[in-house]
Amino acid sequence: MKRRRFTEEQIIGILKEQEAGVSVAELCRKYGMRDASFYKWKARYGGLEVAEARRLKSLEDENMRLKRLLADAILDNAALKELLGKNGDARRTPRGRRAFAHSL
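If you're matching positions, the sequence shown starts at 854 in our numbering and goes up one per residue.
Hints may be right or wrong, so weigh each one.
Claimed, not checked - Pairs of lysine to aspartate or glutamate residues, derived as EDC-like cross-links and limited to a Cα-Cα distance of at most 16 Å, are as follows:
id, residue 1, residue 2
1, 895, 861
2, 895, 872
3, 895, 870
4, 869, 902
Bear in mind the hints are in silico, worked out from the structure with no lab data behind them.
The structure presented is a predicted model; accordingly, all values stated were derived computationally and were not measured.
Sequences and hints are given; from them, build the entire structure.
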């Protein structure tokens with residue numbers, strides 16, 4: 854996984870510098886980043902404080918974990934349905950003469 858170059862605190866600090874009047878081009882030169890990164894950060898972290906950004910990150914991590922758990926549960930459920938479906942079909946087929954004798 855790619856290592857992040859800037860922490861959330863640093864990103865918010867950079868955004869606050871821009872709000873204070875520093876141009877985007879100057880900030881990009883100063884911190885060695887692309888303007889696309891800046892605008893992506895602004896869309897994601899614009900108007901947030903550091904504590905709010907940390908809370909957002911923890912909620913995103915929890916959401917990702919819950920999505921994985923749900924996907925695992927869905928796979929388990931599908932596997933159980935497939936297994937029960939095969940067993941259910943096997944019970945419905947007649948076995949030998951006894952099943953035939955009852956149908957007469």
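Results for each hint:
Straight-line distance between C-alpha atoms of residue 895 and residue 861 comes to about 12 Å, which keeps the hinted pair within the 16 Å bound. Distance hint between residue 895 and residue 872 is fulfilled; the C-alpha atoms sit about 10 Å from each other, no more than 16 Å. About 12 Å separates the Cα atoms of residue 895 and residue 870, which keeps this hinted pair within 16 Å; it holds. For the proposed pair residue 869 and residue 902, the alpha carbon gap of about 10 Å is at most 16 Å, so the pair holds.
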